[in-house]
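Given these sequences and hints, build the entire structure.
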Amino acid sequence: MSSYGWGSLFLLTSELSSLARVAQAPKGLLSSTGLVFSAPPFCFRVVSRSRPLAEAFFSAYPDYELLANSAFVDFDLELNPVKGLRRFFRPLISLEFDGDSPFDPLPAAQAFPLLEWGLNWCVTSSAHQYLMFHSAVLAKGDVAVLLPAPPGSGKSTLCAALMLSGWRLLSDELALIDLQSGAVVPFVRPVSLKNDSIALIGERFPSAVLTQSVVDTVKGTVAHLRPSVASIACARAKARPRFLVFPQFSRGSPLLVERLRSAEATVELARNSFNLPVLGGLGFHALAAVGRECQSFALRYERLDQAISWFDHLIGPVLGDHAANKSAR
Amino acid sequence: MYFRIADSWCFEPFPDGDGLVYHPFLGDLYALSAAPCGVLHTMANGTYTRKGVLDALMGIPSSSPGGERVEMGGHFDELVRLGVIVSVDL
Numbered sequence: 004m005s006s007y008g009w010g011s012l013f014l015l016t017s018e019l020s021s022l023a024r025v026a027q028a029p030k031g032l033l034s035s036t037g038l039v040f041s042a043p044p045f046c047f048r049v050v051s052r053s054r055p056l057a058e059a060f061f062s063a064y065p066d067y068e069l070l071a072n073s074a075f076v077d078f079d080l081e082l083n084p085v086k087g088l089r090r091f092f093r094p095l096i097s098l099e100f101d102g103d104s105p106f107d108p109l110p111a112a113q114a115f116p117l118l119e120w121g122l123n124w125c126v127t128s129s130a131h132q133y134l135m136f137h138s139a140v141l142a143k144g145d146v147a148v149l150l151p152a153p154p155g156s157g158k159s160t161l162c163a164a165l166m167l168s169g170w171r172l173l174s175d176e177l178a179l180i181d182l183q184s185g186a187v188v189p190f191v192r193p194v195s196l197k198n199d200s201i202a203l204i205g206e207r208f209p210s211a212v213l214t215q216s217v218v219d220t221v222k223g224t225v226a227h228l229r230p231s232v233a234s235i236a237c238a239r240a241k242a243r244p245r246f247l248v249f250p251q252f253s254r255g256s257p258l259l260v261e262r263l264r265s266a267e268a269t270v271e272l273a274r275n276s277f278n279l280p281v282l283g284g285l286g287f288h289a290l291a292a293v294g295r296e297c298q299s300f301a302l303r304y305e306r307l308d309q310a311i312s313w314f315d316h317l318i319g320p321v322l323g324d325h326a327a328n329k330s331a332r
Numbered sequence: 100m101y102f103r104i105a106d107s108w109c110f111e112p113f114p115d116g117d118g119l120v121y122h123p124f125l126g127d128l129y130a131l132s133a134a135p136c137g138v139l140h141t142m143a144n145g146t147y148t149r150k151g152v153l154d155a156l157m158g159i160p161s162s163s164p165g166g167e168r169v170e171m172g173g174h175f176d177e178l179v180r181l182g183v184i185v186s187v188d189l
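Protein chains in written order, with the working numbering: chain A, 4 to 332; chain B, 100 to 189.
Rather than coming from a laboratory, the hints here were simulated on the basis of the structure.
Hints are all accurate, no fakes.
From the structure, some residues in chain B lie toward chain A, with a derived Cβ separation under 10 Å:
| # | residue |
| --- | --- |
| 1 | Glu-111 |
| 2 | Phe-113 |
| 3 | Asp-115 |
| 4 | His-122 |
| 5 | Gly-126 |
| 6 | Leu-128 |
| 7 | Tyr-129 |
| 8 | Ala-130 |
Keep in mind it's a predicted model, so treat the numbers as computed, not measured.
Don't be surprised by glycine CBs; every beta carbon is placed ideally from N, CA and C.
Shown next as structure tokens:
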């Protein structure tokens, strides 16, 4: 099977249906041994006694592969209430990773966002076998679009809208680049929506499954969108980066697109890297390979329907070429 | 005209004539642009081949292909000053 094949979706979906899934272990997270699940390319164990966390987790992760407790896990996390008198009037929850507490405790109601941020932190601080960017990644077939952008740019809203419009989600937050092949490795996780975008996505896409909103986090009000089953089914199918799009939500703005020169876009992409300095020359050559392979654009938008339509038109010719090449083979 | 990048720096050319140089442990990254209004001109395999490079090296304004005068310098001057670009051979 091709490692990139969109055509393999049916097969992958069939495989997925035969696997044990998180939804089959509703109390697993709350047990003393926790719950072990696969979010390729990593395996996690999460242990917690927090019921709000367990409820949000089962809303966002039901379709993920459930693993045996004896399975090897890459990241072992525990989230538990902070002890002491304070727990009676302002309960807090803390995250432990391999016995360390990398973050200050947060209000107990923020347990699920804390878990999500913790999972991101685990990967970005450890997984240096990849070149990592702060970027959403979506694809059709094996053709990937990277959307690197700082917080507040509308990246996650756009990412959610594209996924709910039939695009394959590879990641909302982290683009993982394979250093050898230059391919994007999917790391499919719930999409983190903030503030106004929660209602926007909920109203525009009634089938979207969102966790309960959590207010007053450092990012404002936060809710997480469950990834599509198709995206999870293809979570081991790498994709080729072909487009770099730097999105910027701008109220009142018409859709504006500016073509960027590859080198300047690549420098902008590098600004969104988590570990380029760690990887040195190896990372630089992988970075340049991504930049060379991609057409780059700055996108300013207000209306989601216009933006989605632009993305569909952007990728259409490449998909056409790709299909023609495949049939020629 | 050709020039050489200092040995400790990595170089990556782009098909459109732009390029990148990167220091693998200092982490400095520069885009070398071949754009008409940009800093440097055509490059291939680590060599630059336009008059604009020499003009830039000498700190004088150069001309874009369209004839509009643009200020050169920027990245290139900085790279020379930093010693990233170590020699120029006309």
